[in-house]
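The listed protein sequences correspond, in order, to chains A and B.
Quick note, the first sequence lines up with residues 332 to 500 if you use our numbering.
Quick note, the second sequence lines up with residues 3 to 291 if you use our numbering.
Keep in mind that the hints were calculated from the coordinates and are not lab data.
Quantities reported herein were computed from a predicted structural model and do not represent experimental measurements.
Careful, some of the hints might be misleading.
Part of the chain B face toward chain A, derived, beta carbon under 7 Å [said to hold, decoys possible]:
1) Thr17
2) Ala38
3) Asn108
Interface residues of chain A toward chain B, partial, derived using beta-carbon atoms under 7 Å [stated by the list, open to error]:
4) Leu337
5) Val354
6) Gly357
7) Leu358
8) Thr399
9) Leu439
10) Leu456
11) Leu458
12) Cys495
For every residue, glycine included, the Cβ atom is placed at its ideal position computed from N, Cα and C.
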Amino acid sequence: MVATQLLVGMAEIQVAKEGPLFVCLGLGSCIGLAAYDPVAKVAGMVHVMLPAAFADKPVDKPGKFADTGVPSLIEQMARLGASRSRILVAMAGGAQVFNFGSGGAGRLDIGRRNADAVEAQIQALGLRCLGKDVGGNQGRTMTFDSGSGLIKVRTVTSMERALCNLKGS
Amino acid sequence: MAGTLTLEDIVRKTTDLPSIPSAALAVIREADRPDASAQKVAEYIAQDQSLTARVLRLANSAYFGLSRRIMDNREAVVVLGLRSVRNLAMVASTYPWMIRPLKGYNLGPKQMWTHSFGTAVGAQLIAKETGKADPDAAFTAGLLHNIGKVALSIWLENKLPAMMAMAVRDDLTFDQVERKLLGFDHAEVGAYLAEEWNLPEPLVLAIRYHHHPDECDPPEPIVDCVHFGDYLTMSMGFGLGGDGLRYEFSTSALQRLAIDPEATDRLVAAFVASYEEYEKLFQDLDQAA
């Protein structure tokens with residue numbers, strides 16, 4: 332049977348009982364974070380755009396920022412019965428332009444800052460990260476088959492490769 | 003192939019060159035004049051029936067949210083303004099060929115369009131935010147910045163894996179690899195086409211120097227706007243091909259635009275919001291395509 336496909340667009344969060352194939356298409360500097368609770372069999376994915384919400388602006392979509400997106404993903408999964416202590420995650424994305432010339436990257440290195448911000452959230456929430464494919468300068472597509480637990484990452488020029496399995500097998 | 007063909011040979015031998023209707027080129031040139039006439043713009047659009055139809059469809063799209071239907075292009079110019087209509091004419095005349103896949107760059111259907119349109123929106127935003135360039139001219143320049151890829155694609159088919167391997171091995175950007183392999187890159191091919199079309203000089207410069215704005219002497223703000231728009235578009239993963247983000251970003255361009263790097267995240271958020279708003283333009287165009 333072909334799994335239902337759940338496209339996780341930019342700044343979106345999708346959660347479901349296990350079964351669907353979660354897909355983050357065209358990750359540049361953005362980060363795709365997949366999460367799974369193997370006991371409650373609850374899965375989810377967020378497509379984070381930026382490291383942190385703006386202090387002076389209301390957050391229209393929590394999935395847009397790492398500091399709101401990751402906690403919101405976990406909270407939405409908890410509503411379906413997941414427990415934070417059991418949740419396993421994997422992340423991909425955070426690409427960046429090849430170089431920033433003589434002036435250095437600073438704040439312009441959104442890919443690296445996104446990856447750092449998502450990792451900080453993973454740590455703060457005490458989640459266990461089983462796989463990470465971040466950095467470089469290639470666009471990525473990340474898929475999470477919540478039926479099998481398999482996380483795959485593909486770049487435009489490379490073959491799809493398995494990153495890890497959130498079911499641990 | 004390396005070094006055996008000149009840029010002119012490539013352009014002459016490519017059968018599937020990008021084209022812009024002469025009516026749309028006339029619109030761009032007219033809109034660029036300091037004494038541009040709305041009536042002339044309307045007349046130029048009227049010379050091309052399919053362009054007229056597409057411009058009207060765009061003018062009546064959800065993006066503009068007008069309460070009544072615009073029935074002819076003269077009315078479109080009056081209601082939306084000359085500059086907006088110039089941009090619509092550009093969108094209408096590039097969309098049909100920019101949505102085609104470009105195998106040489108590993109770009110699937112619509113991806114060339116997504117990237118070009120993203121860069122148009124990004125360049126326009128930067129021009130507006132900084133006040134350094136005309137936002138509508140920046141839009142057109144962004145839309146056209148990669149036209150050279152359309153001409154070069156066929157010559158690069160099946161070569162991308164080797165080119166990327168060379169880039170990694172020799173620590174090069176993708177345009178450097180193009181130059182190593184061909185003697186010129188997609189930006190130079192694009193600028194050549196833009197000159198053939200007799201496009202205004204700032205547009206030619208933006209196409210030629212979009213990856214190397216520091217080489218534009220004297221500096222041209224529209225070049226810097228397109229460079230930054232391209233960076234925003236690549237970073238957000240819009241229409242990334244096999245060359246990915248393997249390009250250099252010039253922090254000097256940022257300084258010339260007087261953009262505080264601390265504002266990067268806000269510009270990214272504003273860019274994505276603007277892009278998503280603009281997508282309403284195409285709901286009808288897609289249905290009609």
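Now for the hints, and whether the structure bears them out:
1. Taking 7 Å as the C-beta contact cut-off toward chain A, the hint placing Thr17/B at the interface is violated, the least distance being around 25 Å.
2. The beta carbon of Ala38/B is not positioned within 7 Å of any beta carbon in chain A (closest approach about 36 Å), and the interface hint is therefore violated.
3. For the restraint placing Asn108/B at the interface with chain A, the shortest Cβ-Cβ distance is roughly 5 Å, inside the 7 Å limit, so the hint holds.
4. A distance limit of 7 Å between C-beta atoms decides the matter here; for Leu337/A the minimum to chain B is near 18 Å, and the interface restraint is violated.
5. Checking Val354/A against chain B by beta carbon gives a least distance of about 13 Å; that is not within 7 Å, so the hint is violated.
6. Hint on Gly357/A holds. Least Cβ distance to chain B is approximately 4 Å, under the 7 Å limit.
7. Evaluation of the Leu358/A hint against chain B yields a held restraint, the C-beta minimum of about 5 Å falling below 7 Å.
8. The interface hint given for Thr399/A is violated, since its Cβ lies 13 Å from the closest Cβ of chain B, which is over the 7 Å cut-off.
9. At a threshold of 7 Å, the smallest CB-CB gap from Leu439/A to chain B is about 6 Å, leaving the interface hint in force.
10. At a threshold of 7 Å, the smallest CB-CB gap from Leu456/A to chain B is about 22 Å, leaving the interface hint violated.
11. Given the 7 Å rule on beta carbons, the hint for Leu458/A is violated: about 24 Å separates it from the nearest Cβ of chain B.
12. Violation of the interface hint for Cys495/A is found here, the shortest Cβ-Cβ separation to chain B being roughly 22 Å, above the 7 Å cut-off.
Consistency with the previously given hints fails for numbers 1, 2, 4, 5, 8, 10, 11 and 12, ordered from lowest to highest.
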